[in-house]
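Sequences and hints are given; from them, build the entire structure.
First to last, the sequence lines map onto chains U and A.
Following my numbering, the numbering of the first sequence begins with 1 at its first residue and continues without gaps.
Following my numbering, the numbering of the second sequence begins with 570 at its first residue and continues without gaps.
Quick caveat, the hints were computed from the structure, so don't treat them as lab data.
Sample of chain A residues facing chain U (criterion: CB under 8 angstroms; computed from the structure): (1) R754; (2) N1082; (3) Y1102; (4) G1106; (5) C1114.
On a predicted model such as this, the values are computed, not experimentally measured, just so you know.
Quick reminder that beta carbons are idealized off the backbone N, C-alpha and C, glycines included.
Protein chains: 2
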Amino acid sequence: MQAISDNRAALIEKHRPVIAQAIEAVETRVSWSPYKDSPSTRIHGTEKPPAGKAAFEARLNRRFELDLPGITGWVGEETSPYNLEPLGISYPVSDPDVLVEAARAGMPEWAKANPELRIALCLEMAERLYDRNFEMAHAIMHVAGQSYTQAFSGSGPNALDRGIEALAYAAIAMRNVVPTATYHRKFAGDDVALEKFYTLVPRGVGLVICCASFPTWNAYPAMFASLSTGNPVIVKPHPIAVLPMAIVVETCRTVLSEFGFDPNLITLAVDTLAEPVAGKYVEHPAVQIIDFTGSPRYGGHLERTVTGKLLYTETAGVNSVVMESVDDLAEAARAVARATCLFSAQMCTSPQVVYVPKGGIATSGGTAGFDDVAQAIVDEIDAIAANPKMAAGIMGAIQGDVSLDVVAAASAEAEREGMTILRPSQPYEHPDFPNARTRTPLVLAATPEHVEMYAEERFGPVLFVVAAEDGDTAAAEATELARTRGTISCYLYSTDEDFVDRWVEVYAQAGANLTINLTGAMWINFAAAYSDYHVTGLNPAGNACLTDLSFVASRFRIAQRRRPIHEAA
Amino acid sequence: MQAISDNRAALIEKHRPVIAQAIEAVETRVSWSPYKDSPSTRIHGTEKPPAGKAAFEARLNRRFELDLPGITGWVGEETSPYNLEPLGISYPVSDPDVLVEAARAGMPEWAKANPELRIALCLEMAERLYDRNFEMAHAIMHVAGQSYTQAFSGSGPNALDRGIEALAYAAIAMRNVVPTATYHRKFAGDDVALEKFYTLVPRGVGLVICCASFPTWNAYPAMFASLSTGNPVIVKPHPIAVLPMAIVVETCRTVLSEFGFDPNLITLAVDTLAEPVAGKYVEHPAVQIIDFTGSPRYGGHLERTVTGKLLYTETAGVNSVVMESVDDLAEAARAVARATCLFSAQMCTSPQVVYVPKGGIATSGGTAGFDDVAQAIVDEIDAIAANPKMAAGIMGAIQGDVSLDVVAAASAEAEREGMTILRPSQPYEHPDFPNARTRTPLVLAATPEHVEMYAEERFGPVLFVVAAEDGDTAAAEATELARTRGTISCYLYSTDEDFVDRWVEVYAQAGANLTINLTGAMWINFAAAYSDYHVTGLNPAGNACLTDLSFVASRFRIAQRRRPIHEAA
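Structure follows, in structure tokens:
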């Protein structure tokens, strides 16, 4: 017992500087990370990359052994978007009641643990996951279809940073509650002295429902927000993207066990497409916190039906670009094209609609017509698509056949409507995986009368270039779209400061995070943990911000006791 | 405009020290208040008390002129519990759609206002209300039935303190979001420099539904939490207790107008018992925040049906006392008796059930039998009831006939069940108001088989003394009651530290705030703003804590924008 106690104390000390720096980062919103997000061997050495790949390959075609309670069977239905072959991994399926009971069983000890220890344990989990990140990169690639570099960075350190960001807010919120106080006051002439004790009480079992295309991105903040505040967590991965979350849960359980806690404080609830299990957990009375990332359909169902529990959602919206005027057309067009190509527009921040005034826009090289602007975007997409190595690094693969259907449906609809197809969607030749499911972006020219078509979320590489009446009309429609259809991220190009001033507040009130005039090497849809707030919770794209104080502050409660001071223990 | 701008700046400066001290108080949880909670003329001088009484009397038998939008009629159905005569005051009834639209109209300017200014305006409102507190005390007396001194303190400074406590948390939460940041990072070898702007965006119209017996107590924290974070507020008073909230709304509107803001940022939604209007506001899409204090029936309905909006409730529960062993029996019995008598048990913290081991309890004077303990409590109640001046100061009056029915029903039920009536409930003679609706506590002896009878909330002066098997059985049932029926405040008397240690954590996990071994001049059910957390939100007595970070942190959202730094304005 003394050894465990020493180890725990050492763990808090080990991670104390990191949580301090994370808190400073979220309060100043500067660029910071304890990790490197490049897979370069100059950083990680030459051994880790092949070892990670080998670790992934060793997972294939066998059971993923996780010592979960209540196992009733083994299932697995993952297929790699890179070779269209089943991964052949099967995962344990647990009885939901048993899994929830196991979570509850560990809760009293976890609730009693020092909050700083819970935070340190989460930071240890993050560190171990960073250490396994080459394995994770391959796992993400072969379930989600992200490119190797994006899987390494976006689903690795960038996502872990978001988890640590949630820990920073959890630390702020929990430290705000002083554990004890003394209270002195005169009542009717008598000196009263009380000692008061304030106990942080967790809410209940947390359920984290993950999406298929970017599972770790929102899972880490949700998991760490719940765990650090004393709530056990059940991770419900998407049935076609289990492996990354199985690795996460395995890693976290190891850390818990090593430090003397019940590993069932974090478990994996695997299901199948044919028999989804989320509803059973959602309805379980012991499940008190639900973090959901996924389809607007199921997310909306939860938003309309869940009462008496905490519910945090990120679903999806329609992200727009307004191009009112630009300095350099090619640079702006390249920025938009790169964002559209990144992971084949399978990201919550991918643009879907580009508004361009039909009379053209001002550029440093004179007026560019609507067709010129549309063509500039198409040219930049073509440049990426024509270079297989670049296309592979940027576009990755299409996760599921359903996204091929999305592209095909949009294309057919466009033809029916007589719209101009500015650029057809085609497979590109992946240099490493000849059978990869790939598609370059479909680009369609639209007018405002097609609004019902482009205002509907299309999860796949489909981009509409809409001929707007003028810049103000474009911004008005873009913000209305944000307000009514939801958005995670909007983009604006304008060299007219009056125009920008006129609209920034409208974007804010519509709950649209806005990136203005960004060109160059940074992806315009890159979201930096600690610095960028992700999701506003103000429009239909989600009801929460991941992460801010509000994301963590309700995950625990405060119970107090008080007694006269002269006799307190 | 310059004058208004100067006034606003001066107001922030004026209140800067108070908000700083309030923040320090909530973070250290010491005893603090900017106000005095005694009505003594030594503090307030000799002019204010009669002026306040005169101001109240001038309100009677006429319209309460409030310049609200959309007035469709005038109603009023208040009756004084002290003379059983109608107050004769009528209040404007507004069309709900018009009131909500008016609230929305003021919102953009309010959202744009400096958060520190919004906080300063709320502090100014609090100061003005403190200044009008003698008038408020009479208003509270004659709608709620509180005694003069309790109305002055509990519904005055003690309640205002809770409002300021909410402002402290609002300041902490809003200051946590830095307004701007600069971001520097290398992407693919390029130095990227971004300027970022973070805008606090309010959620929407806040609805504050007040209870009849203690209207200002939860109204202030709710109002100030919403207002300070940029949300307009509609106050929906209980139809039989409008006057205090009309005074509040009038005062707040004056402050808003004086400093150049739309007074419709706070309005009053008056209704009648026959035609309740709350539902119309609850369902209005623009209403995004609901603070409810009142019956478990309607509160439970809201908890089960409201989705997609913020909902904070305090309803009611069954507060228990466990007397396992005591140092001085008379002192402990007096503490319990005083808490039972205070405002005739019409408080959310009033005890309803006292568990006493059937074999008696240890005291410093030897073992006291169950009957001895019960009799000691009855004796202490009798001592108060027998002294009309003391009774008037402690018990006040019974707000409504419904509480007389509660007492009568409990009495009749006890007779049917063959329970011992330890003390009948009777009117006491109020020295100043001979027609006052008064009742002293009914005390019944019960056994665990009567659990369904005493575990049901009885809103009125009814106390059950339950013969428990032993101390542990008593604490087990008390905490189970807390968990399943809800509680705001529990009480425990024990000289056995092992016993206390065994149970404090169970109370905490049941969401029961616990007061241990408190005797003497302080009321055991006194809750001190800044120091005591009120309501845990962990059991059926309410879903929120008033106040903590969680109570305010979700009332605003964050929208961000970013742009390259070289070209930012």
